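> Read off the chains here:
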Amino acid sequence: MIPGAFFKPINQTIMNILVLNCGSSSIKYQLLSVHGSDNLLAKGIVDRIGIEGSCLLHKVPNQEDYLVKTDIKNHKIGIGLILKALTDPEVGVLNKLEEIEAVGHRVAHGGETFTEARIIDADVKKGISDCFELAPLHNPANYDGIKAMEELLPGIPQVAVFDTAFHQTMTPDVYLYSLPYEYYERLRVRRYGFHGTSHKYVAEKACKFLNRDIKKQKIITCHLGNGASITAIDGGKSIDTSMGFTPNEGLMMGTRSGSIDPGALLYIGCREGMDSNELNDMLNKESGVKGISQLSSDMRDLATAAREGNERARLALKMYAHRVKQYIGAYAAELNGLDILVFTGGIGENNDYVRDLVCKNLQYLGIIFDDEKNVGLHGQDEIISLPGSHVTVMTVTTNEELVIARETYELVNVE
Amino acid sequence: MKILVLNCGSSSIKYQLFNMTEQLVLAKGVVEKIGMQGSFMKHEKESGDKVKFEGEILDHKIGIEYVLGVLTSQKHGCIAGLEEINAVGHRVVHGGEAFKGSVFINDEVIQEMEKCVELAPLHNPPNLKGIYAMQALLPDVPQVGVFDTAFHQTMPQHAFMYGIPYALYSKYGIRRYGFHGTSHRYVASRAAEFLGLDPKNSKIISCHLGNGASVCAVKNGESVDTSMGFTPVEGLIMGTRSGDIDLGAVTFIMDKEKIGTKSASTLFNKHAGMLGISGVSSDARDIEIAALEKGNERAKLAMKMYDYRVRKYIGSYAAAMGGIDALVFTGGIGENADITRSGICEDLEFLGIELDENLNNGLRGKEQVISKEGSRVKVVVVPTNEELMIAIDTETIVKNH
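Chain order of the listed sequences is Y and W.
Residue numbering for the first sequence follows my numbering, starting at 1 and increasing by one per position.
Residue numbering for the second sequence follows my numbering, starting at 1001 and increasing by one per position.
Incorrect hints may have been included.
[Stated by the list, open to error] List time: in silico DSSO-like cross-link candidates among lysine-lysine, alpha-carbon distance up to 30 Å:
1) W:K1014 / W:K1270
2) Y:K237 / W:K1300
3) Y:K215 / W:K1304
Since the hints were made in silico from the structure, they are not lab data.
Because the structure is a prediction, the values reported are computed rather than measured.
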């Protein structure tokens, strides 16, 4: 099953796994040694691929950052630079490339084809390219990353981990939009949902922390980061999620609007003479808390400004929290109960102001919030509800790269 | 006091004449297909006698002339002369941010209403036509405007703003307005009365499910959130409207099908909703028959999706208000479709909602509690009566003017 007997895991119990997250003009990478204690060996980012000012920023724990500014035309060249940095005598962490034993790729869209992570073969590659239409900014870049690795390290086992896979357990009444049915049949328009890897991970992590059987829990996970989405999880399965056909459904985000009246969208298009591309750009890049506050897309900046009395910042944060709160209510109704509420992602893990706004006044759901514990709580796995609270509220740190590395390990080590 | 209530649509006029002493309807009717072939008028007296007139009705003014004629006619009328009409109440769809309640119509008000036409280019113009016509035909009779949007003007900013560049709100007034306001206001208040709730200290969720459908969160007597938005397309799945949908899906479809904003608007307003999913009909009864008697899978799916969307809004508004005391069903479907009410209330025990199937089954068009005795949240059916609400507002405003 492992493509290319050329590469055998050097040590059956520990593997060095390179995780790649290829965006349209960037590549984020992490090199991890997995199993036993998982260690981050190095990480970094190749930025502005194909644009002016491209660079590689390489970070090794306990060492100085290493920055290379050079023309990087495409993903293959970018990955070439990453591999070079990893084996560099001065800033590298490996003696030779063969020490990389497997590669895990974050793939944005798996359509209805992929319900779990997969070892990449010709079928999987075809499946990924079939989804180009559904994620035109992301899947082609993910695909480029896979091809580049095939060429640079022939035969190395590669795994694709899909953002959408965890949500493939939704039922039709949940994932269909109320449109002429043919748009689903012909154009595959339906709710897919994203951040699947993260939602799955933090739900499992929370249950482990609380020593509970996930099969018996009703969980709502709030991944609040640059993108933000909420998932309802019943017995360990995703039954609904707030992002949809694209990531711009549901919550208001840093620069994304989240759900708005389709009639309003068309009205704007008409009055401003904007076509579908321009509307998309406006909704994805100029909206969200940035569009309301006209100040920043960064929630920390806004929390500070709000505390200092900036009205627009306050409004943006209130709107943000209001929508999160509404989804929690909607999903608690859908689950017909709630055991665990999880906050994760950059904002969920670190922004006490937002968590407080969201959890206020939810006693009717059985949430008794621990205001004191919440204040200043950063980047921890911690309970932020009081002992008497029927619903356990937690912050849980997410780590998509680690999850991808572990899923890669599981699949490659199956023999 | 006798009050005439007018509801002017693009090619129709619905009317009711009220005797306010007993809040009784003296006569009611509809003029249809104004300006088209085959226009007609249907009129019904208090006694229940009905009559239909066919004939050319070219515009709203002529339509209203007919209405006034019938009301005072020997054979079919119920008043001796037009001087018996003390006031006229007009249903106006969109009041923008200018109108937070019902108003006495004067020149200033008309000017403001004309500004709102931009927000509702299909609906407000006929409402205005009705007002101009009455001004011309009965110049001395006071007129009052009652707005679909006014009740929702109490929503807080964080509920009515959209997450789009702030400038679009300042420039075009793009924000959530909400509709069915008169209906939500009426049924929430009736429910509170009926259930002995203190209107100033209550959390009521009102579901107006008709051709159009919307949910409203009424906290302490005021609307604090509602599912329709800038337009009536947002929120619930309706007969032919999509309700909520990923905007990325909207632009994707526009791109793929090479359609512009006008065609897209038609798609999401007229070809989507229950009709789009089921492929059967936009009518709830047709869909129910197809699903339950003919086993049509897509019709079943449409019903499931419909119920599911309403349920999510109930959960969402309970969170927004910090709880829920009463759930109200109204509108053609809300008042009459026991299967839909049952589907919506299924598996909501966590919220405290427990429907009593015996009370619910077969209940049509009556004010009644349909929750179990022990249910923490009271579930009620309250038939809506927007016309009566308009008449009451008209009477109040005219008396205080």
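> State for each hint whether it applies.
Now the hints, each set against the structure:
| no. | hint | result |
| --- | --- | --- |
| 1 | W:K1014 / W:K1270 | holds (22 Å) |
| 2 | Y:K237 / W:K1300 | holds (24 Å) |
| 3 | Y:K215 / W:K1304 | holds (25 Å) |
Consistency note: the structure conflicts with none of the earlier hints.
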